[in-house]
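Make the full structure from the sequences, and use the hints.
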Amino acid sequence: MMTGNNADEGIRRRGPSVAAAAGAPPTAPPQPARPVGLSRLLVGILSTLTWMLFSSAVIILNKQLYAGGFAYPSTVTGAGQLFSALSGFLLAAVSGQRLRPPPGLRVFLRVLLPIAACTACSMYFGNMTYLYLSVSFIQILKAFTPAITLALCVAAGLERPSGRLLVAIAMIVGGTAGAVLVESGAPSFRLVGFMAFMASSLTEAARVVGAELLRDGSKYNTAESLVYIGGPTAALLLAIAAVWEWPEAVASAAYGKGFAMVARAPWTFITAPMVSALVNMSCFFAINATSSLTFKVAGCVKNVAVVAYGVVAHGDAITALQVAGYAVSVVGFTLYSQLKMAPLNDKPTSPSTNHKLTSAATKAADTGPPGMAAADHAAAGGSGGGRGGDSNKDPR
1 MMTGNNADEG
11 IRRRGPSVAA
21 AAGAPPTAPP
31 QPARPVGLSR
41 LLVGILSTLT
51 WMLFSSAVII
61 LNKQLYAGGF
71 AYPSTVTGAG
81 QLFSALSGFL
91 LAAVSGQRLR
101 PPPGLRVFLR
111 VLLPIAACTA
121 CSMYFGNMTY
131 LYLSVSFIQI
141 LKAFTPAITL
151 ALCVAAGLER
161 PSGRLLVAIA
171 MIVGGTAGAV
181 LVESGAPSFR
191 LVGFMAFMAS
201 SLTEAARVVG
211 AELLRDGSKY
221 NTAESLVYIG
231 GPTAALLLAI
241 AAVWEWPEAV
251 ASAAYGKGFA
261 MVARAPWTFI
271 TAPMVSALVN
281 MSCFFAINAT
291 SSLTFKVAGC
301 VKNVAVVAYG
311 VVAHGDAITA
321 LQVAGYAVSV
331 VGFTLYSQLK
341 MAPLNDKPTS
351 PSTNHKLTSA
361 ATKAADTGPP
371 GMAAADHAAA
381 GGSGGGRGGD
391 SNKDPR
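Just so we're aligned: 311 in UniProt numbering is position 311 of the sequence shown, and the numbers increase by one with no gaps anywhere.
It should be emphasised that the hints constitute simulated quantities derived from the structure, not laboratory data.
Beta carbons: idealized from backbone N, C-alpha and C, even for Gly.
Mixed in with the good hints, there may be bad ones.
[To be verified] Simulated DEER-style distance windows between Cβ atoms:
id, residue 1, residue 2, range
1, G163, T268, 49 to 57 Å
2, A265, L214, 38 to 46 Å
3, W267, L321, 26 to 34 Å
4, A254, G174, 13 to 21 Å
5, W244, G163, 28 to 36 Å
6, A308, L131, 37 to 45 Å
Rendered as structure tokens:
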């Protein structure tokens, strides 16, 4: 005589027809898995190409505004960040990411405001660079940013670099230094532009380190980062513009400059911040459909295209030595990115530091591919956010 459990076991072994006859609900046959690989690949390719197009367009459009006489980087970047913050609401609607209630005043003052301040400074100085240096040379300089970020991470105790990582950084520094030495002898070189670039890189590195040291345990998805960090960043930039730039822009309007340029061609000044918002959208889908390393390689390719554009469209002078130095920097950056995507080589001394070290390493790697201008880095989520709601993922 079979017990209840044995009878049930016998029904299951004899298959669904016997189970149905015994009154048990039939088990549905397994459904074949849908081939999502091809569709994901197509989404990744299209979104990455779209991001490359829009992020390059932001650099080119902003440079055209500055070259045309609208020399107000805080106004330009503030408008871009305002549109980027608004795009956070759109991203939340189309991606399924929900916006949680805004953080409290204590978290805002202690965590979000310092990060927004560093982001605003990085964007301001990064765009100020375009007033003095060529597009192509700036993209070459951008390869140096990861070295500065890593140095600050080491100084703050958030990173212990391995020997291979130091080799990669040495390649980045050596290649960039060679290009700078060649450019410094050219008539087009302006020291104030180079100092503005260094200030942009230092404040960007401070943002990465500060985000680790000040973190309160909260993780903001991409949409939340754009709204809760991008919004204050836009407010800071526009406040600076109201004090330092707008009086001159109003006064120079009588001579056809400043705000008179906006009145003559309003769509020209709306297009750049709108493209910044599109950078956010395409960046989100590109990062989620590809790997971080693939995204960084795409950034390198995009940067080479921007360098070529500067040479062809603006007549930027690039020597063979600069090309060689830049090539060394790109190889070093690629090696740097590969090492950052792998687990840390040195084991942390205590479990309590493991998460902080790993997170800092990821953020240092996600500072952005060479040539990401501060404007399109922040527009691409550089102020926070990332894949799957992880605040450690980026992509100026």
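Hints versus structure:
1. G163 / T268: 49 to 57 Å: 50 Å, holds
2. A265 / L214: 38 to 46 Å: Holds: the Cβ-Cβ distance is about 41 Å, inside 38 to 46 Å.
3. W267 / L321: 26 to 34 Å: 41 Å, violated
4. A254 / G174: 13 to 21 Å: 50 Å, violated
5. W244 / G163: 28 to 36 Å: Hint violated: Cβ distance 46 Å, outside 28 to 36 Å.
6. A308 / L131: 37 to 45 Å: 22 Å, violated
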